[in-house]
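J.: Those protein sequences? They're chains A and B, same order as listed.
Each residue of the first sequence is one higher than the last, beginning at 0 in numbering that gives the first Met the number 0.
Each residue of the second sequence is one higher than the last, beginning at 0 in numbering that gives the first Met the number 0.
Be aware that one or more of the hints could be misleading.
Capping the alpha-carbon separation at 20 Å, the derived lysine to aspartate or glutamate pairs in EDC-like fashion look like this [unchecked claim]:
1. B:Lys203 with A:Glu250
2. B:Lys235 with A:Glu253
3. B:Lys221 with A:Glu253
4. B:Lys129 with A:Asp228
5. A:Lys236 with B:Asp139
6. B:Lys240 with A:Glu253
7. B:Lys129 with A:Glu262
8. B:Lys233 with A:Glu80
9. B:Lys220 with A:Glu262
None of these hints come from the bench; they were simulated from the model.
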Amino acid sequence: MPLHQLMIRFENPEYVLLLIPVLAIYLFLFIHAEKNYRKLMRVLSIVKKRKGLRYLILLLKIPLIVLLTLSICTPYVESIEKKPIEYGDIESLRKVPVSIVFLIDVSKSMNYGNRIGDVRTLLSNLIPKMSYKDHVVVALFARDTEVVYEGPPSNFTVKLKAGKRYSAIGDALSFALSYTRASSLPTAVVLITDGGWNYGSDPLHIAPLFKNTPLAVVHVGYGTSSNPDLLREISEKAGGKYYEVNQITLEAVESLTEHLYSEIKYSALRLRGKNYVQCITKDYTTPQILLWSLICILLVLTVMDGV
Amino acid sequence: MLSRRITRILPIIVLILALFHLSTYFLPTNRGGEDEINIPRLFVKAIELQNSSNTILRRIKTGLTPNKDLIHSICTEGPSISEDITSFYQTLGEGDLAKKLKRAALTYEKAIRASIISANSSSTIATAIKGLHETLSLADMCRVDEALETWREIKPVVLEAIDKLEDTLKVLIRGDPKSLLSNEHTQVYEDNMKLITELLSSLKEASKTMELIEEYSSEFKKVCEGGEACSSLKQKAGGLKCTGCLGYLIASIKSKILMTSQGGRGTGGGAGYAPPSTDD
Chain A
0 MPLHQLMIRF
10 ENPEYVLLLI
20 PVLAIYLFLF
30 IHAEKNYRKL
40 MRVLSIVKKR
50 KGLRYLILLL
60 KIPLIVLLTL
70 SICTPYVESI
80 EKKPIEYGDI
90 ESLRKVPVSI
100 VFLIDVSKSM
110 NYGNRIGDVR
120 TLLSNLIPKM
130 SYKDHVVVAL
140 FARDTEVVYE
150 GPPSNFTVKL
160 KAGKRYSAIG
170 DALSFALSYT
180 RASSLPTAVV
190 LITDGGWNYG
200 SDPLHIAPLF
210 KNTPLAVVHV
220 GYGTSSNPDL
230 LREISEKAGG
240 KYYEVNQITL
250 EAVESLTEHL
260 YSEIKYSALR
270 LRGKNYVQCI
280 TKDYTTPQIL
290 LWSLICILLV
300 LTVMDGV
Chain B
0 MLSRRITRIL
10 PIIVLILALF
20 HLSTYFLPTN
30 RGGEDEINIP
40 RLFVKAIELQ
50 NSSNTILRRI
60 KTGLTPNKDL
70 IHSICTEGPS
80 ISEDITSFYQ
90 TLGEGDLAKK
100 LKRAALTYEK
110 AIRASIISAN
120 SSSTIATAIK
130 GLHETLSLAD
140 MCRVDEALET
150 WREIKPVVLE
160 AIDKLEDTLK
170 VLIRGDPKSL
180 LSNEHTQVYE
190 DNMKLITELL
200 SSLKEASKTM
210 ELIEEYSSEF
220 KKVCEGGEAC
230 SSLKQKAGGL
240 KCTGCLGYLI
250 ASIKSKILMT
260 SQGGRGTGGG
270 AGYAPPSTDD
């Protein structure tokens, strides 16, 4: 069910300042029209008889002026509709910003069978799919984790080069976790590695801490020093998603990246309770009709005293 | 003196003008022109409905339920627009301009007819896509028996969806998008063809994948347990095309079957995993 929120706003609120000179003119005219008023008193017996009615009519002129000024201020009813985003609705997902942390393994083993090349293919297809509102953090890891890019997806130009010693998957996950906890935006983590963990903290101990942070584990390559089982286990423990990237799955790179992006973005938004889009509609007609109906009624009432 | 003359002449002028206005009201007007004016509107409406059909198909492609309002507008407005375009087509005579208009009208009519077919069958196509996504995901997770059970349930819906998409494509192929009166219209028509083709190939390839798993269920279970697939399964899996919206799942299953021969599955993880010396 879409949630609604209604608010009355003004397009030109500065025109409310007109009230000061207009009320001043009204007072000036009122004082100077005293003669005419007495003459009318003789003609309009109803006003003559009831003094209270006269004061009421005089007082009604003030709201009349206020309403006319409000009408000039162009009031409108702003209705904010919060539509929940459906799973897979990429168009709606693109309207809401998230931060995505890419943890890319650049250890020596990533050079085997052109694994790093597959990562390049994956990223070159995934990054353009992201919304310009998104925030991208690219951290390369081997023994240490180093942030090499931070900013909008459109400016991403990192040259990936593997060949460093060790592969500290657990440390990289810890880094991503602390980063996501500090981020004000809903954040998701994408771990891209061959799974050849051989340094630092145990990733299986870190994985359960990802229960409130979406994690996509992307396994690249096969054969020597590739460990898909470890990555599957990390993904299971973190409650995340597991993806295989190799020459065969890259045949469907479009579908793969679309699936990955939509999955992590939706999860990131859902976990922060921000999986909705705001639709703002402005209604100028209803307040103007209401104002002018009141103005017309007041006008008829106030002309009774003839001033 | 002058004002008196004016007061006499003015009513006469007003009277003459009023009579002239009344007489023109009863003059016959060119009714044929009205129909001609409506034709561009019909063409635009036809493309507008085809654009709505594209929106529905895009939603289906991403696994979302089709928009009911759009389906309703295509199904209610579409038939009358199609009829009007057909009757306009029949009134056209000979000549270069008439030929061009005939070709355009025919294509607009095809656009509307294809939109009606795809709108009518949108819920079937959406169910087929969702069902296939589910069954392929189960197979990818090696839950083979559950995957096959789901596949047997949705198979008739998938076949019906393939039939409907083929019907839609047959209609669209008969039109000539280049003959449409605006480049934007051509774009919408071509987008519609592309979406239908993509959905059709997705459904066909996903069905092929599931049929393969059904045929070689015991072999596939062996693959899931870390064994190697037999050569005929590998050969058939090699022929699967990883296209369309279900492409990744098909590719993932295909790689599961084919990668076994290359020693890619499970080098032993967790506590027993020994890091390679080359990575140090």
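J.: Against each hint, give a clear statement of whether it holds in the structure.
T.: Going down the list of hints, with the structure as the test:
1. Distance restraint check for Lys203 (chain B) and Glu250 (chain A): the Cα-Cα separation of roughly 17 Å lies within the 20 Å cut-off, and the hinted pair is therefore satisfied.
2. In summary, the hint linking Lys235 (chain B) to Glu253 (chain A) is not supported, as the alpha carbons are separated by about 23 Å, beyond the 20 Å threshold.
3. Using a Cα cut-off of 20 Å, the hinted pair Lys221 (chain B) and Glu253 (chain A) is violated, with the two alpha carbons roughly 30 Å apart.
4. Straight-line distance between C-alpha atoms of Lys129 (chain B) and Asp228 (chain A) comes to about 28 Å, which puts the hinted pair past the 20 Å bound.
5. In summary, the hint linking Lys236 (chain A) to Asp139 (chain B) is supported, as the alpha carbons are separated by about 19 Å, within the 20 Å threshold.
6. With a CA separation close to 13 Å, the supplied pair Lys240 (chain B) and Glu253 (chain A) stays within the 20 Å bound.
7. For the hint linking Lys129 (chain B) to Glu262 (chain A), the alpha-carbon distance of about 16 Å falls within 20 Å, and the restraint holds.
8. Proposed proximity of Lys233 (chain B) and Glu80 (chain A) is contradicted: the alpha carbons are some 52 Å apart, above 20 Å.
9. A distance of roughly 27 Å separates the Cα atoms of Lys220 (chain B) and Glu262 (chain A); the hinted pair therefore is violated under the 20 Å criterion.
The structure is inconsistent with the numbered hints 2, 3, 4, 8 and 9, although it conforms to all the rest.
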